[in-house]
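**Q** The primary structure of each chain is shown beneath.
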Amino acid sequence: MKLNINNKALSWIMKVRIDLFFLPFVIFLIVLLMVFIEPRFFSRLNISNVLRYFSALSFTALCQGLVMIVGGFDLSVGSIMAMASVVSATTMISIQSIVPGMVGLHILCGVGAGIIAGALAGLLNGTLVSQLKVSPFIITMGTMSIISGSVYLYTKGAPIYGLPKLLIVEIGRGRILNLPILFFVALLAVLILWFIMVKTPFGRHTYAVGSNPRAAYESGIKPTTIILTIYTLSGVLSAVAGLIITARIGSGQSGIGSNAAIESIAAAVIGGVSLRGGIGSIPKVALGALFLAIISNTLNLAHIDSKYQTMVLGFFLIFAIAIERWISALFVRALFGGKG
Amino acid sequence: MNSALYKIIHNSRRFEIAMFMGIALLLIGFAMKEPTVLSTTNILNVLSQTSYLAIFACAQSIVILVRGFDLSLGTTVSVVSLFTALVMVSLGAFSIPMGIAAGLLAGSIIGFFNGYCVAILEINPFIVTLGTYNILLAVSSTITGGFPVTGLPTIFPKLFSEISIIGIPIAVIIAVLIIVTLEYLLLNTVFGRNLYLIGSNPRAAHIAGISYKFNSIVAYILCSFLIAIGAILLTARTGSGEPNLGSQLTLQTIAAAVIGGMSLRGGEGSMMAPVLGACKRSRGILGAQSGALFSLR
Amino acid sequence: TNLTTVTAEAWSNFKVYNFDSGKPVKVDISPAEKASKPWKLYALLPHMKDGYWVSVNYGLVEEAKRLGVKLTILQAGGYSEMAKQVNQYDDCLSTNPDAILIAPIAESGLAAKIEKTAKTGLVQIGFVNPIKTAPVTSKIFVDYATKGRQTGEYLAKLFVERKGKVVAFPGPQGSGWAEAYLNGFHEALEGSTVDILADKFGPAGVAESLILVEDSLQAYPQMNAIWGGAPAAEAAIGAVEEAGKEKDMVIISSYENQTMVDFLKEDKITAFATEFPVMQGRIAVSMAVKALEKKKIPAYMEIIPQMATMDNIEDIDLTTVLAPPGYRPVFSVD
Amino acid sequence: MIKLKNITKTFPGVKALNDVDFEVNPGEIHVLFGENGAGKSTLVNIIVGNLAPDSGTYQINGQKIDCLSPKVARLLGISAVSQEFSLAPSLSVLDNLFLGREPTRWGITNKKVMVQRAYKVLNDMKVKLPLFAPVNSLSRAQKQQAEIAKALMLDAKVLILDEPTASLTDIEAKRVIQLVKDLRQKCVAIIYISHRMREIRALANRVTVLRNGESVGTIESEEITENTLVEMMTGKKAGSLFPDISIRPGSLRLKISDMNFSNGGGYNISLSVHSGEIVGIAGLVGCGKGRIGRAVFGLEPIKSGKIEINGETVTQFSPRRIMRLGACYFPSDRVSEGLCMNRPVRENITMATLDSAAFVERGFIRLNNESNSSMVCAEHLKVDLSKLETSVENLSGGNRQKVLLARGFIRDIELFIFDEPTVGVDINAKSEIYLLMKSLVEHGAGILLISSDLEEIIKLSNRIYTMHNGSIVAELMDNNKSEENILSCFFGK
Ligand SMILES: Nc1ncnc2c1ncn2[C@@H]1O[C@H](COP(=O)(O)OP(=O)(O)OP(=O)(O)O)[C@@H](O)[C@H]1O
Ligand SMILES: Nc1ncnc2c1ncn2[C@@H]1O[C@H](COP(=O)(O)OP(=O)(O)OP(=O)(O)O)[C@@H](O)[C@H]1O
Ligand SMILES: [Mg+2]
Ligand SMILES: [Mg+2]
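Residue numbers (the numbering used here), protein chains in the order written: chain A, 166 to 505; chain B, 240 to 536; chain C, 34 to 367; chain D, 43 to 535.
Hints are supplied without guarantee of correctness; some may be wrong.
To be verified - On the chain B side, residues computed to face chain D include the following (Cβ under 7 Å):
| hint | residue |
| --- | --- |
| 1 | L425 |
| 2 | N427 |
| 3 | T428 |
| 4 | N440 |
Simulated from the structure, these hints should not be mistaken for laboratory data. Built from N, CA and C at the ideal position, the CB exists for glycine as well.
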């Protein structure tokens, strides 16, 4: 009897680990394909391009992943990004005019203001979702139009220029070890969140609330607190994504993030997060973001007529996932026998 | 006695009654502020606008019922519109029925593709329909090079958009017919029951011998078929095949369904939900209108 | 602010093509006098999300204020909101307006309705976006293909000695206007020394364009010219700088906004084309009022687009092109 | 210790508790007893803070408690095993055991301590559970054990057990009972809910009987007899629980030969079921008895072996096909596999029947037939008829189980595979269910009865297979099928 159960535990662990392994495998296949189609894929500048796209996307994906793990949805990612971008740009510029010269301070204040704005927006989402008992889909759709509406009202659609050069050149385009600084920022965020979700009670509680809110409540966890915290955290993450894009394009823009909600949900779902909550791992979500970044870059590099690019992207999305599932089923069958 | 009362209210969907009353109250409110809002032409106008959204929202609700999604709704509308128009323009006689048939067929094929990927390949519906969305986007912007198709037979818009029967616009009549039929089918057929059961607990449904694969595929086909009907009506409304007729509809339909009471977790809700949701959204239209009129005063 | 107190002198005779004879004839067009009664006008715009349409809004609002008419502006929320614009058209009609000014998302979508309304004799003015066949009282717009051609010809002139390799970023796929621009552009470059390496369609946002431009710089290392919408041009500046190619890259924008003006003045882009959005708004309102007061107006006008370059930017009257910085869109004028 | 006075609780349309008084003291086991739907779980849920009462007072240690949340209840030392489990399905067993009170070091969960303490409790229970497997991969019995372990993890002052042994065999139940007795010795106050008379007699210091949400009375341990309890519970005298079934084995309904599971753990299983007989399978938790039923129904992949139903070899292992051959399977885990919780009772009763002509005509459901039949069926099984149109999640645990079983009695089936059919069902309904089984068998059906309730297996079946560690170790018939024989087989003798 002992053997059976150990066997079972082992088999489960194997299955999970294998799962984590297949997305990189599919990504690896795509990269391998690119060697033949377009060797320029591996140029230093191109790799930076991919990684920088990844760094913004990974933040939105992480934000969405967290919210989905706790059983929710966040359609307001994009609007929070835009808000953070505009708020931080405005702050930087007004501080610039008050205390000129101290560029570091300008940037710090700008980033701080953007993140605080994001946190507040997240807090609003969290409060509404946890208190109103209305579907998070509707609530975040509402906050989305409120936030983006007020951002437009403030900027009238005009971008905000004149940000410190340091931000654009050193942070937006800067490199360490030949890789973009932004990539390391994203990597750090992934590692920290991974740690939090796996190693701390808070992480466990988040999964529990997403998996079965009633059981979590009956176990002495306060789902409302968890939901509130996660949405706030996700607001901060979307704000950081907005800041990354601000640093890259060099201006505060109210129009950024229009695709962010769909893109981030896609990354999270590819990363194995369940739309029904309680399931999903942070590194896999990041891999999902990497997958999307690579595909988008690949399509642009592969000289495909851009009108057909969306078609190829569509097939890629569906069949890459189909292949991933198929291979993993194959492996599971090979290792454990039976019809999977 | 308490429980009898409860049963009556429960069975007759208190939520929906409340929603209806809310909408009615708001209408009265608007009317007091701005009486022309309640003029018959305006009401009919708003009604027919609502009916398109209601048809699309019903389509969306069917897949939401089985824990699905259709993100490709918007581009499906565009593709069907173009297909219908192209066929109508290129064929002489019989062009209208052939065009409609082509549109419905295109819709069903799209639905089958979605259903196949979701049910047989077991890929998450979000990813599948996002993929289809992209594929159809390419289709709709390449078959005519991004340009609309004009020159439809003039009788087509007359028949399917402008005509009204006893004063009620045709779109409203068709929408009501569709909604009533769907509601009836969902409540009275095995297929409808299966959708609810699968949506509620797919595993239990499987063990009770209900085929997830078959029913899901049919649900997706039905969804896209309804989208095609809506798209054809919209094409009649604009009088031309349009490559970007519905790109923003997707989110609106999901919102309408959820506002009306569909659960994104599946297995709950009725066809009144999307309709109510759509009405709520047109209450928004009315609100904006009365605001605009008010400012004109 | 003092910006809003514009008098009739604010714009005087403005040159446009008159097509009433079937051929383009350069004519002066003059504004209407103050309206005899506060006519009720509606204007339908595709959206209000960028500087271009804000400028159109500015033109409409200023002119309405100047003439003393009522104006309500409805915006559909984006180029993909065809169905919504049709709804808005119906909504307008049901409130008995005196005139409707239409900047259609796509003519085809509204053609049938416009035709039906035309029979009732309501004044309908088409502006900014082309209305080719539908029967409106008067229309003013720029032909996108013409404008695309103009930018193409300008580009070709820059590359007489060396070979040009251009990548085009026309804008969103399936939007109609992006395709039309691109067609004109292609036409102009046929047989020239400039090769078009690729057409890259994509969403019209700076962030999205940035990724597209960056990737294209990798995919086509030989490219030395970028042609595209304003967001693509804006994104290109940074991307090109980073790739270390800012010395010999030509960047041309197919339309205008405040950013393009600023960047042109800083010599970061080579040129942009303008079609005077503010003037189109003003002319549309003026023509509507003239028509309502039974004055004779041309039935079909086209804007004469102009290339703005380092050399001539100081000479162009920017108040005919863009809303002043800090202008806030207004949606109704009483 | 805990004292409730005049507690009333209404759900929409139901008065679940009406003016109930209840108390429990340290060192005492107070048993709650009553029919399905009497209000036992509701009372318990109020005590642990999951539900707030409409009216009434609640005192702990003489102190009045107002707004009790589960979190506060835990801090006060109240720990509970709930009937439908408070486990997060996608989390591992280990995480679930410590949910809400993970031991930490510098803010990080201390896995080592967790594993040690988990093993300690599981060893006390003499239970082995896969600590790192997600809870949704466990059988219902294993979930039950996890839930008990979770409750014991806390050093409780008040321990509440809501049918803790419902899916366990006597062997495992004995361990639980022993642990509960030990805790009583340590002056823990214990509230215990069970439908098993034997346990009540072994444990109870006092019994409070509920009927229709009202307290019928409290009796001391000396007065406890089966008859008094049943009489208090229903107001009627107790009849005999098990009917006499006349066994007339006929044609072969089910034949399994040399079956091996794909996932390992089963060894050359062969068995047969004939028409007109009830065949039982008995074994400890996790021995694989449930997997046999699942395999027949295509829910557990098999590597080799042959399964024949009514003479036809099964080739396509989908429940749909197998049902066409005349078999029906009743899963043991009603919540995750059996019922569509947010659908009405009626739909759940008929869900496996929607292809029969009695209910369907050209794809349309005959709603009247459906209503009538489900009503008849519900009446048989003593499910409250007024609840036919409410969703299953509003039913009490035992009533849910009855709804699950109901689907079998509404359809013509030749082979029934019951996995733990009477979990949580009260005595009266049980005897009703047994009567139904009797009539099924006497009309020629074959029944494969997989159960952890030994008495049920022995009294009902005419042949018993006993399992140990994935294999069938013995087939007992006639005089052989005694409790001692079976128990010795459990350990692989
Ligand atoms: N969430 C709910 N909504 C509506 N009614 C409910 C709800 N929960 C329980 N009830 C009703 O309250 C009554 C008491 O249920 P309870 O679960 O306390 O019964 P029980 O005594 O535990 O029965 P069992 O032995 O079957 O577990 C039942 O009639 C049940 O239908
Ligand atoms: N050797 C094994 N390898 C993999 N999984 C196993 C093995 N043995 C048992 N299992 C799993 O353990 C669980 C318990 O098995 P099963 O349901 O057959 O137990 P049971 O005898 O019915 O006991 P109970 O239902 O009382 O727990 C099942 O989910 C089964 O899949
Ligand atoms: Mg109970
Ligand atoms: Mg079992």
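**Q** Hint by hint, note whether the structure agrees.
**A** The hints, checked one at a time:
Hint status for L425(B) relative to chain D: violated, with the closest Cβ pair at about 11 Å, above 7 Å. Because the closest C-beta pair between N427(B) and chain D is about 5 Å apart, less than 7 Å, the hint holds. Below 7 Å, beta-carbon pairs count as interface contacts, and T428(B) has one with chain D at about 5 Å; its hint therefore holds. For the restraint placing N440(B) at the interface with chain D, the shortest Cβ-Cβ distance is roughly 5 Å, inside the 7 Å limit, so the hint holds.
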